[in-house]
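Protein chains: 2
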Amino acid sequence: MSVKIAKNSGFCFGVKRAIKIASEAAQGNHKIVTLGPIIHNPQMVEKLASEGIERVNEVSEIQGRPTIIRSHGVKKEVLEELIANNIEIINATCPYVSKTQEYAKELSEQGYMVVIMGDKNHPEVIALSSYIEGECLIVASAEDVPEKKYQKVGIISQTTRKIDDLQKLVSIFIPKCHEMRVMNTICNATSIRQESTLELAKESDLMIVVGGRNSSNTKMLARISEDFVETFHIETACEIDKKWFKGRNNIGLTAGASTPDWVIVEVYNKIIECMGNINQKVDKIKDIPGFKEEE
Amino acid sequence: MSVKIAKNSGFCFGVKRAIKIASEAAQGNHKIVTLGPIIHNPQMVEKLASEGIERVNEVSEIQGRPTIIRSHGVKKEVLEELIANNIEIINATCPYVSKTQEYAKELSEQGYMVVIMGDKNHPEVIALSSYIEGECLIVASAEDVPEKKYQKVGIISQTTRKIDDLQKLVSIFIPKCHEMRVMNTICNATSIRQESTLELAKESDLMIVVGGRNSSNTKMLARISEDFVETFHIETACEIDKKWFKGRNNIGLTAGASTPDWVIVEVYNKIIECMGNINQKVDKIKDIPGFKEEE
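Listed in order, the protein sequences are those of chains L and G.
In terms of our numbering, the first sequence opens at residue 98 and continues consecutively.
In terms of our numbering, the second sequence opens at residue 98 and continues consecutively.
I should point out that these hints are in silico values taken from the structure, not numbers from a laboratory.
Incorrect hints may appear among the rest.
[Claimed, not checked] Derived PhoX-like pairs (lysine-lysine); straight-line CA-CA distance at most 25 Å:
#, chain 1, residue 1, chain 2, residue 2
1, L, K196, G, K246
2, G, K249, L, K273
3, L, K246, G, K104
4, L, K113, L, K173
[Stated by the list, open to error] Chain G is faced by these chain L residues, among others (derived, beta-carbon under 7 Å):
#, residue
5, L179
6, I260
7, L263
8, M280
[What the hints assert, rightly or not] What follows is a set of in silico ranges between Cβ atoms, one per label pair, in the way DEER data are often shown:
#, chain 1, residue 1, chain 2, residue 2, range
9, G, S238, L, E370, 51 to 61 Å
10, G, K381, L, D324, 49 to 59 Å
11, G, E323, L, M98, 37 to 47 Å
12, G, E206, L, E206, 14 to 24 Å
13, L, K217, G, E300, 36 to 46 Å
14, G, K381, L, K246, 49 to 59 Å
15, G, K343, L, A237, 46 to 56 Å
16, G, E174, L, Q248, 27 to 37 Å
17, L, E244, G, E158, 48 to 58 Å
Quick caveat: nothing in here was measured; it's all calculated off a predicted structure.
Note that beta-carbon positions come from the ideal geometry of N, C-alpha and C, so glycine has one too.
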């Protein structure tokens, strides 16, 4: 009977960076806010609130306070509004997300009809689409592509999507356009977490995926895992039901790029408890079997 | 019992144009040559020879005579050599092929590793690759793509390939590169002939594909047809064997973009003869059931 964690589980570069920027800003200033959740993990957002970083949802709630821009970025118009109102901006947008925004702008300026593969209601996609001047199409997958011909199509992706969905989308567009430019903006952190999760799911008889229910990259890990084995997507250890593990021998654990280490450790220890191996509990994520930090 | 021809069968715009350029040049000058076959149809090349257009294979055989550049184009270096030798050039390169050469040059100048989907021994591809300054990869299909990562990949295709092969190739490259630019250079004449052939093959119990054995687009039509029904690729009527038609009711006929009308009519009449319906013979391609000229 074993519990193993997928390689590279947990915080990615962009999330670590955003948390660091926020924490440092909070030390010098006790009246800062984030506009929307800084990352898609309610537990981490709560912890930051306890450090004095208030989350507001609308520009009108900022009331002159220094404002952290969430890792997912915000709409161009919102940034312009903050600047016009002389708000101090602490930009924690993931650099890979910023790069995607630059590509969106560039493709749009070059006359491409820009296609974003992503969730049209996700803040990253909402922000991204604001950088496109001309025609823009947001699709969740190849199935959403209209029966229509285009001249020049520029394709980008929300940073946390699946590579095979991008492959299908690009393939669908080939007979529909004369020219296509594709920027593979699925970030490396997403790709390696997906690969490690896939690998572990194949050798497990149950998978536990830990991370925010609003986290796009965590939801993708769950989708990938589900194709191979029974999978539960949870946010915290208290959601775990002992019955899940009955008759299971190889439990796989994976976590999204915005899931804090302490949440993962709590989940691991709860699984261990359910399986009756309490002497195998750990204090740190690096002690969970299978863990390997992202290089 | 019926014999039907696929819509749009026979000469495409580029082939008609090349033949017209050659014939007009021959009227004013009885000492012109083509460097290589002007189109990939031995019967047409023979007919042009009877009009005084000699085919040579090497620059050294030109001996100062005005030279027709074949519809498939020639290498940049060959053109330069002709110019250096003050040879009068009559350029019958298909405009769509010339456009593909421009794309090859442009992608190469923009720092893309240029991938040509095509047959590395085909004159069009040999000519095309001469316009690429930097790294270049010629692949027949997605199976030929090496296990390697690239930064910027620019993909073009020989004008006569299959669109689904291009889709597979593009899809294979997505996880292998950061940026991709694809010019769909499969020409419209190719696509519509492939679609019409596919349509007819599905409703036939035998298909006859007429065209040069060296003709890439004709070979593609045969490949498409073969996936659905027994198919014979022939160059002329005299290759037909009466036995093929025994027990067949719906015969489909299709022809490549370089197959002359008179060759198609001869084939149709031979089939009609084999089936014992000699009073259904025709004089012109437009009288063959199912014929519809390309718009």
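Status of the hints after comparison with the structure:
The straight-line distance between the Cα atoms of L:K196 and G:K246 is roughly 20 Å, inside the 25 Å bound, and the hint therefore holds. Of the supplied pair hints, the one linking G:K249 and L:K273 holds, its CA atoms being roughly 22 Å apart against a limit of 25 Å. This hinted pair checks out: L:K246 and G:K104 have alpha carbons roughly 22 Å apart, not beyond 25 Å. Between L:K113 and L:K173, the direct Cα distance comes to roughly 24 Å. Compliance with the 25 Å bound is thereby established for this hinted pair.
Violation of the interface hint for L:L179 is found here, the shortest Cβ-Cβ separation to chain G being roughly 31 Å, above the 7 Å cut-off. Look at L:I260: its Cβ gets to within about 5 Å of chain G, closer than 7 Å, so that hint holds up. The interface hint given for L:L263 is met, as the beta carbon of that residue sits about 6 Å from the closest beta carbon of chain G, less than 7 Å. The closest approach between the C-beta of L:M280 and any C-beta of chain G is roughly 6 Å, which is under the 7 Å cut-off, so the hint is satisfied.
Roughly 54 Å separates the CB atoms of G:S238 and L:E370, a value that falls within the hinted 51 to 61 Å. At roughly 58 Å, the beta carbons of G:K381 and L:D324 sit within the given window of 49 to 59 Å. Against the hinted window of 37 to 47 Å, the Cβ-Cβ separation of G:E323 and L:M98 comes to about 54 Å, which falls outside the hint. The hinted window of 14 to 24 Å between G:E206 and L:E206 holds, with their beta carbons roughly 20 Å apart.
L:K217 and G:E300 have their C-beta atoms about 42 Å apart, which keeps the hinted 36 to 46 Å range intact. With their beta carbons about 33 Å apart, G:K381 and L:K246 fall outside the hinted range of 49 to 59 Å. For G:K343 paired with L:A237, a C-beta distance near 53 Å keeps the hint of 46 to 56 Å intact. Range check, G:E174 to L:Q248: Cβ separation about 33 Å, and the 27 to 37 Å hint holds.
Hint check: L:E244 to G:E158, Cβ distance near 52 Å, so the stated range 48 to 58 Å holds.
Hints 5, 11 and 14, counting from the list given before, are not met by this structure.
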